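Protein chains: 4
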Amino acid sequence: MIAIDAMLSSRINPPEYHLQDYAEALDALIECAAACTLCADACLGETGKVEQLRGCITMNLDCADVCATTVRLLSRQTQPPNQLIHAQMHACVVACQLCADQCAMHPMHKHCKICAEICHICRAEICHICQEHCNFLLGTITSAGIAEEKSSI
Amino acid sequence: MIAIDAMLSSRINPPEYHLQDYAEALDALIECAAACTLCADACLGETGKVEQLRGCITMNLDCADVCATTVRLLSRQTQPPNQLIHAQMHACVVACQLCADQCAMHPMHKHCKICAEICHICRAEICHICQEHCNFLLGTITSAGIAEEKSSI
Amino acid sequence: MIAIDAMLSSRINPPEYHLQDYAEALDALIECAAACTLCADACLGETGKVEQLRGCITMNLDCADVCATTVRLLSRQTQPPNQLIHAQMHACVVACQLCADQCAMHPMHKHCKICAEICHICRAEICHICQEHCNFLLGTITSAGIAEEKSSI
Amino acid sequence: MIAIDAMLSSRINPPEYHLQDYAEALDALIECAAACTLCADACLGETGKVEQLRGCITMNLDCADVCATTVRLLSRQTQPPNQLIHAQMHACVVACQLCADQCAMHPMHKHCKICAEICHICRAEICHICQEHCNFLLGTITSAGIAEEKSSI
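In the order they appear, the protein sequences are chains A, B, C and D.
Take the first sequence: its letter number 16 is residue 30 in this note's numbering, and every next letter is one higher.
Take the second sequence: its letter number 116 is residue 130 in this note's numbering, and every next letter is one higher.
Take the third sequence: its letter number 63 is residue 77 in this note's numbering, and every next letter is one higher.
Take the fourth sequence: its letter number 25 is residue 39 in this note's numbering, and every next letter is one higher.
Just so you know, the hints here were simulated from the structure itself, not pulled from any lab data.
Just to be clear, a hint being listed does not mean it is correct.
It does not matter which identical chain is meant; a pair holds if it fits inside one copy or across any two.
[To be verified] Pairs of lysine to aspartate or glutamate residues, derived as EDC-like cross-links and limited to a Cα-Cα distance of at most 20 Å, are as follows: (1) K127 / E65; (2) K127 / D19; (3) K127 / E146; (4) K124 / E146; (5) K63 / D19; (6) K63 / E146; (7) K127 / D35; (8) K63 / D115; (9) K63 / D35; (10) K63 / E38; (11) K124 / D19.
Everything numeric in this text was worked out from a predicted model, so none of it was measured.
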């Protein structure tokens, strides 16, 4: 999504970690939220099979809500990242995993099959950003540590 | 967004109006919601100018919420469209117009400039879908009328 | 909800129209959004009847989203009300009406029966606020008109 | 909120843990989401102090989103609780704590003071439900274990 990319790089204080990765994670989350909303509705339209798909519908609705909230939190970058963003990303990884699992149980429904793939991609992107966050924080701590060590010599 | 396209065409009962237009409208709405959330936060980060941007921040937050809800409603296609979808699309057109106007007042902030453009595109896409909906409904009424006329002969 | 009341009256610039009515409208919307989310899920749990309740589930999900967004917009009062708030309140009135109608079709399901009542109350509260808004605007216009007339004498 | 209570007890499959506690947790979350949205807007209205309140505004917006999503997930009870609900409740407890801390830093703004209290109440309610969930799961595991032991005799 070109828009997200352009919006992120137009900030006076762009995020310190790799911009491209950030934009990709937001894209993946947005796509996943949309796919889950569409899959829930498509499942509800599967005449004769709706009751078997109840678990999938609920999981889709949950995953759509969780991804939407995670996008909101990740979009707010004026303040430095805090524990909340980590806890919410963790919830999001769980949501994407469970939703992918549920959808993968009904590959005969093409919408479930595609949705499972989208959830998997989203999960991977969030994990990647989580790791970057951690590396970034680790870098800050390490440099602080080195600076401290140096200054204590 | 390939995902939206694939999800829409995977339904057993795909929407009756032009699929490509539908996917584009969902894309535009999703992008607009994301851009508005990012613009609100970027405005909040404009040290020394935040108070001048209060109207813009509020409008961005409103527009993000309205677009997000409109995506949800447009994604639910198992049931035939009703008056609600029209009323919500109307609210969305108003939101995009007002948000574009607000953002266009601060072109010196690049994020506002880009966000204004995205809101304009979104507004146009929703108007287009609204018109298709109307034409489709009109078509249904007309064919029903013709069928009725014929049957009454 | 005492919290909403306390929050509204704690502002440095409380809304100009009757505070109590405002708090009641927010309460009604919040309650309606929650009831609709609960009703959608309870319908999904009605083994053997889910397919008959598909229209109700969809309408509940739509109404929950629309009410949630209307709460957000009505809560933002730092900026003067604009056309968007009217358009969104209109969409909300339609949502509550349609959802009440859908739920009222299945009074044998207690959750649908209660949800219909909550939607009706919410619809009435929003209509009331809409009217106050209009009266307030009308008052402004009238006083402006009178002031203008006086000044032109 | 009588509505939530009535909706919960009207289900054909009411939640297995204590209904009253559940209703109170939903109430607290809903109230917290509303209070945070109102506080963010009230902070934005504090002329001359908005820039000092940026951290508070962002935290309020985040907490409102997280609480809203947690309400949605907790409302869906047709399916048995899974890891997601725990992860999301954890994120919610973090959000309420951080938001209460931020708001408590500006007790001179009455809306921040009240919002801090509401966040604290919400945090306590979610912790309580989390514990009940765990006890319930523990109970299930224990009884299963005892049943297994008995059957193996």
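Verification of the supplied hints:
Taking the closest pair of Cα atoms, K127 and E65 come within 20 Å of each other only inside a single copy of the chain (18 Å); across copies the shortest separation is 22 Å, beyond that limit. Within a single copy, K127 and D19 get their C-alpha atoms only as close as 28 Å, which misses the 20 Å cut-off; across copies the closest is 14 Å, which meets it. For a Cα distance limit of 20 Å, the shortest separation of K127 from E146 qualifies neither inside one copy, at 29 Å, nor across copies, at 30 Å. Taking identical chains as interchangeable, the C-alpha atoms of K124 and E146 are never at most 20 Å apart, the minima being 34 Å within one chain and 27 Å between chains.
For a Cα distance limit of 20 Å, the shortest separation of K63 from D19 qualifies neither inside one copy, at 40 Å, nor across copies, at 24 Å. Taking CA atoms no more than 20 Å apart as the test, K63 paired with E146 passes in neither setting, with 42 Å inside one copy and 31 Å between copies. Proximity of K127 to D35 under the C-alpha cut-off of 20 Å is found in neither arrangement, the shortest distances being 26 Å within a copy and 23 Å between copies. Proximity of K63 and D115 under a CA criterion of 20 Å is satisfied intra-copy only: 18 Å inside one chain copy versus 26 Å between copies.
Taking CA atoms no more than 20 Å apart as the test, K63 paired with D35 passes in neither setting, with 39 Å inside one copy and 29 Å between copies. In the homo-oligomer, the alpha carbons of K63 and E38 never lie at most 20 Å apart, since the shortest distance is 35 Å inside one protomer and 30 Å across protomers. Within a single copy, K124 and D19 get their C-alpha atoms only as close as 30 Å, which misses the 20 Å cut-off; across copies the closest is 13 Å, which meets it.
In this structure, the earlier hints numbered 3, 4, 5, 6, 7, 9 and 10 are contradicted, and the remaining ones agree with it.
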